[in-house]
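Participant: What follows is the residue order along each chain.
2 protein chains.
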Amino acid sequence: MKLYDSVGPNPRIVRMFMAEKGIEMPKQWVDLRAGENREPPHLLRNPHGQMPTLELDDGSYLSEIIAICEYLEEKQPKPAMIGSTAEERAECRMWTRRVDLNICEHIANGYWFGVALERFQTRITCVPEASEGLKKIAVNRLEWLNGQMAGKDYLCGARFSLADMLLYCWLDFGATVG
Amino acid sequence: MKLYDSVGPNPRIVRMFMAEKGIEMPKQWVDLRAGENREPPHLLRNPHGQMPTLELDDGSYLSEIIAICEYLEEKQPKPAMIGSTAEERAECRMWTRRVDLNICEHIANGYWFGVALERFQTRITCVPEASEGLKKIAVNRLEWLNGQMAGKDYLCGARFSLADMLLYCWLDFGATVG
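So the protein sequences, as listed, match chains A and B. If you want this note's numbering, it's the 1-based position in the first sequence plus 1065. If you want this note's numbering, it's the 1-based position in the second sequence plus 1065.
If we strip away everything but chain A, and leave its shape as in the complex, we get (with noise of 0.2 angstroms):
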């Protein structure tokens, strides 16, 4: 397997996910500032030109960190960082999918159509009017999952996992970019 990795909170969360399951593998970096990312030569790896892709060893390449990172898992379960039974898998994914909508990616469309608008507007269809609207609603949606975390130390209860990772990476660039 490869990793076509670059700057961003993404591929930060696949960095994290293998450093905490021990694995590595070859990375070729992409250069996202300067849009290689929406060129033919990742486009052919990932016709979406987002980041990262991972490369297959069977040459084919799959996209999307949640894919990317289950994959990772299937291929080597220990230690599990979604689960390793189907109820902690389950708990995980219920965790992980509300952060990713709620607020990943209010923090992530917020940050596209507000302050990197200038990039973006050129790549993708942007909504300047509804940054500051959606950057509101992950705020509702931490100060809500703020509650949900009495007694909890991860979002899993005791155990750390993906879920978390999505969220750290998520908020640690929304408190850089405002």
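Among the hints, erroneous ones may be present.
The list makes no distinction among identical chains, and a pair is therefore deemed to hold if it is satisfied within one copy or across any two copies.
[What the hints assert, rightly or not] Below, a list of computed lysine-lysine pairs in the DSBU-like style, where the Cα atoms sit at most 35 angstroms apart:
1. Lys-1092 with Lys-1067
2. Lys-1200 with Lys-1086
3. Lys-1201 with Lys-1143
4. Lys-1140 with Lys-1201
5. Lys-1143 with Lys-1067
6. Lys-1200 with Lys-1217
7. Lys-1217 with Lys-1201
8. Lys-1086 with Lys-1143
9. Lys-1086 with Lys-1140
10. Lys-1140 with Lys-1217
11. Lys-1067 with Lys-1140
Everything labelled a hint here was simulated from the structure, so no lab data went into it. Note that the coordinates shown come from a computational prediction; the quantities given were computed from them, not determined experimentally.
With chain A's structure known, arrange chain B on it following the hints.
Facilitator: Here is chain B on its own, set in the frame of chain A:
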């Protein structure tokens, strides 16, 4: 297991997934239109107040449609509606997330913040000024997806999967609500 069910595209996706696999279980109807999902009996099942929710055999509750469908696939792998190998599951998860984040979520938010604002503004943080723009992103991404479908019958090539169910149920909903 027991499914807490309601109107709406998300419960429909789980019902469709169960039907394809021939899974039957008791169901309890929750009156979404009356807001029963936002009140304590259901909030104890799903503190995020959404539908559907699956009650597991140990009495715990599982929400978020992708987590529910993954759990049902693990408990009854055949016929595979996510995939029967790690590579097939990876492909399905990639397409499911692309459809989820770029199309379905924008249709959902565009609906909640737009034509359904009166009902939802007391339930969730709404961003009315984002509604039209988010729907435009969904349309743009659908056009992209259409280009990706050349030579394919389904999102995962020749096999019908969860990714198609997700897309179908949300497009059908979107066509109804405008």
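Participant: All the hints need checking, so say for each whether the structure fits it.
Facilitator: Going down the list of hints, with the structure as the test:
In this homomeric assembly, Lys-1092 and Lys-1067 come within 35 angstroms of each other (Cα to Cα) only inside a single copy, at 6 angstroms, whereas the closest approach across copies is 45 angstroms. Proximity of Lys-1200 and Lys-1086 under a CA criterion of 35 angstroms is satisfied intra-copy only: 32 angstroms inside one chain copy versus 39 angstroms between copies. In the homo-oligomer, the alpha carbons of Lys-1201 and Lys-1143 never lie at most 35 angstroms apart, since the shortest distance is 38 angstroms inside one protomer and 42 angstroms across protomers. Taking CA atoms no more than 35 angstroms apart as the test, Lys-1140 paired with Lys-1201 passes in neither setting, with 38 angstroms inside one copy and 38 angstroms between copies.
With identical chains, the CA atoms of Lys-1143 and Lys-1067 are at most 35 angstroms apart both within one copy (20 angstroms) and between copies (31 angstroms). With identical chains, the CA atoms of Lys-1200 and Lys-1217 are at most 35 angstroms apart within one copy only, with a shortest distance of 25 angstroms there and 37 angstroms across copies. For the identical chains of this complex, Lys-1217 and Lys-1201 are intra-copy neighbours only, at 25 angstroms inside a copy versus 39 angstroms across copies, given an alpha-carbon limit of 35 angstroms. In this assembly of identical chains, Lys-1086 and Lys-1143 lie within 35 angstroms of each other by CA distance both inside one copy and across copies; the values are 7 angstroms within and 30 angstroms between.
Proximity of Lys-1086 to Lys-1140 under the C-alpha cut-off of 35 angstroms is found in both arrangements, the shortest distances being 11 angstroms within a copy and 26 angstroms between copies. When the C-alpha separation of Lys-1140 and Lys-1217 is checked against a cutoff of 35 angstroms, the pair qualifies both within a copy, at 29 angstroms, and between copies, at 27 angstroms. Proximity of Lys-1067 to Lys-1140 under the C-alpha cut-off of 35 angstroms is found in both arrangements, the shortest distances being 14 angstroms within a copy and 32 angstroms between copies.
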